[in-house]
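Student: Chain by chain, the residues:
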Amino acid sequence: MPSSGPSLEAPDPERHAVVTRGLTKRFGRVVAVDHLDLAVRRGELYGFLGPNGAGKSTTLRMLCGILEPSEGEGQVLGIDLRRNPERVKSAIGYMSQRFSLYDDLTVGENLTFYTRVYMVPRAERAARIERMLRLGDLVGRERQLAGELSGGYRQRLALTCALVHGPALIFLDEPTAGVDPVSRRTFWALIRRLADQGTTILVTTHYMDEAELCDTLGFIYQGRLIAHGPPAHIKAETFARQVIELAAADPRAAADALADWDAVEEVVRAGARVRVIAARGGLGTGAVTDYLRGRGVAVEWANEVEPTVEDLFVSFVDRERKARVREQLRALGADGT
Amino acid sequence: MWSRLHGIIVKEFVQLGRDRLALTLMLFVPVAMLFIFGWAINTDVKHAPTAVVDQSGSVEARTLLEALANSQYFDVRHWPRSTRELTRMIDDGTAKVGIVIPPDYARQLARGRAQVQVIVDASDPQVATSAMNAATSLAAARSLALLAQTREGTVLRNDAPPLDFRVRAWYNPDLVSAIFIVPGLIGALLMQTTVSVMAIAIVRERERGTLEALVVSPIRRWELLLGKIAPNLLVAYGQMTMALVVAHFVFDVPIRGSLVLLYGLSAVFMWGTLGVGIFVSAASRTVPQAMQLSFMTFLPSIYLSGLLFPIEGMPPGAQWLAHVIPLTYYVVVLGVYPKPVVMAALRVAAPLF
Chain A
1 MPSSGPSLEA PDPERHAVVT RGLTKRFGRV VAVDHLDLAV RRGELYGFLG PNGAGKSTTL
61 RMLCGILEPS EGEGQVLGID LRRNPERVKS AIGYMSQRFS LYDDLTVGEN LTFYTRVYMV
121 PRAERAARIE RMLRLGDLVG RERQLAGELS GGYRQRLALT CALVHGPALI FLDEPTAGVD
181 PVSRRTFWAL IRRLADQGTT ILVTTHYMDE AELCDTLGFI YQGRLIAHGP PAHIKAETFA
241 RQVIELAAAD PRAAADALAD WDAVEEVVRA GARVRVIAAR GGLGTGAVTD YLRGRGVAVE
301 WANEVEPTVE DLFVSFVDRE RKARVREQLR ALGADGT
Chain B
338 MWSRLHGIIV KEFVQLGRDR LALTLMLFVP VAMLFIFGWA INTDVKHAPT AVVDQSGSVE
398 ARTLLEALAN SQYFDVRHWP RSTRELTRMI DDGTAKVGIV IPPDYARQLA RGRAQVQVIV
458 DASDPQVATS AMNAATSLAA ARSLALLAQT REGTVLRNDA PPLDFRVRAW YNPDLVSAIF
518 IVPGLIGALL MQTTVSVMAI AIVRERERGT LEALVVSPIR RWELLLGKIA PNLLVAYGQM
578 TMALVVAHFV FDVPIRGSLV LLYGLSAVFM WGTLGVGIFV SAASRTVPQA MQLSFMTFLP
638 SIYLSGLLFP IEGMPPGAQW LAHVIPLTYY VVVLGVYPKP VVMAALRVAA PLF
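Here the protein sequences line up with chains A and B, keeping their order. The first sequence begins at 1 in this note's numbering and counts up by one. The second sequence begins at 338 in this note's numbering and counts up by one.
Chain A extracted, bound-state conformation (with noise of 0.2 Å):
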């Protein structure tokens, strides 16, 4: 089970490649980041895991610098965020989904542009470009314009580009939305590589196969660390799980209808497919659609399904959930169950 709460060993900015403490962003009353503490060991591959709107991209904005925060505090590689975020610009990489490239510019000069805006020496510019070339298996390719490549390219191009003034660190924002099985699985592998070089990485992700090739998974829920450990407790805690995916003409009545079922944990709607999650072994998909059948909602299709990281959200923010209740009803003097 992945421990709650900060990690128990002491950050410290030598080992660590990323420390913040009770790191919060306000927008008006809106709290965003709701006192964050990280730490990222330096050399680690980070999986920062969370719902869309839980907090992520805030809190790698705070950590690139171009976000203020408005309370706490964070160093980035021993930079502190706070009075040197210009600092922390050229120190670290950053790579979003939208993969930032020049579509009109050949792969040779959208990595040699990226070179001159984090100002590496004219004089190293040539052997770091064609290393970067080989890392992202682009040689032959310096001439084809970025916008005529491939996802799986573009996606390793992109993180060439990130790349290519040698961070210690680098911020991966969901690298591998939109890209085919097999290219994200040669860019795991790549990154997993520069991991094991001494490269820190902090990606965010929604593919559990994924958060299982991490060093540590984080898990944030509105605005807050609300578990992190290594995968293997986080697998356990899937393996405990089974996940239900159908499609119903009245995809609100099915939820609606299972939710009502003590054998359900969780029932999520996204679209017109319901996702049902229960204990391992608790359900089938022909219990599913009979219960269905038997409340009157037709199921077009049911399978089981591997649980994704949302899957494992949906149990670690029920528990959380409880967790506050439970306290809530402690302060009362009543007997929390």
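Hints in this document: simulated from the structure, not taken from any laboratory. Mixed in with the good hints there might be a few duds.
What the hints assert, rightly or not - Computed, partial: chain B to chain A, Cβ under 7 Å: (1) Arg341; (2) His343; (3) Ile346; (4) Gln352; (5) Arg450; (6) Gln454; (7) Ala550.
Note that the coordinates shown come from a computational prediction; the quantities given were computed from them, not determined experimentally. Think of the CB as a built atom: it goes at the ideal place given N, C-alpha and C, for glycine as much as any other residue.
Guided by the hints, dock chain B onto chain A, whose structure is given.
Tutor: Below, chain B alone, put in the same frame as chain A:
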């Protein structure tokens, strides 16, 4: 710092070179528009600023000037003491129309043969045409009235008109519309392309997500802006040069003023319009939005800059707005290059210089 600025400038140039369509549009659309508008636009004007040399000082002369003012075509504002001073006023644009009343005007009139000299700055053919028409019909009307007075009501058909306005058009004696309208149009077209190209150059980065990478990078804001303005400024110069060549060889607009000054002041103007482009980019999320918005800056500029209608005739609010628009000043700059005078004309025509 130089490395970052250099990076942006090189990138912008390569992108401009790659986008053949946009580059072609930038360079040739203004020229094509110049052909269309240069041949099509024409308008009518009142309240021409007028300077009068009254060498006669007689009652008859005052009656004539009153008639001139009542016509609404002439606004008598200046009273130069000599014809030389009058010439200077027309040269530098203080006055569009000059009127010289001879010393013996009253005596000439009594003899039934008076000559008044009317000089019209015809580099603006709209002002010139209406001023000349107004002067001619005024002379006819005054003649009729004078004849009626002397002959006690009977006017003979073959009577020579006692009042003769000798109208002379300066600078543009054939009243070629192009000499006024084409230079102004160059400014309007330059404005349109520079505003939209600049706005699109920034909004495109936002749309593609590359702006995000630039924000995270060590690039400073001014480096990004300067790096984007510089290449576009150069292309705008190319645009302007082509338009000047077309104006000269197709529309026969002479170049009598200083080209060095014209190019120098053009940089000031384009700096302003590229700034408007940046302003537009800040307000738009997508490229089509940026295009629409830049078009919305274009229309008021055309109408309020004094290119189509003289600013003097506008209500105070519109005049105030006109002085906020970069094109207003540039129309003045461009309006001067076919004339042999330079700085003096600028100083008088636009109070900010």
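Student: Now look at each hint and say whether the structure bears it out.
Tutor: Now the hints, each set against the structure:
1. Arg341: 5 Å, holds
2. His343: 6 Å, holds
3. Ile346: Result: violated, 10 Å to nearest chain A Cβ.
4. Gln352: 5 Å, holds
5. Arg450: 76 Å, violated
6. Gln454: Status violated, d = 63 Å.
7. Ala550: Hint on alanine 550/B: holds, closest Cβ of chain A at ~3 Å, below 7 Å.
Checked against the numbered hints above, the structure breaks hints 3, 5 and 6 and satisfies the rest.
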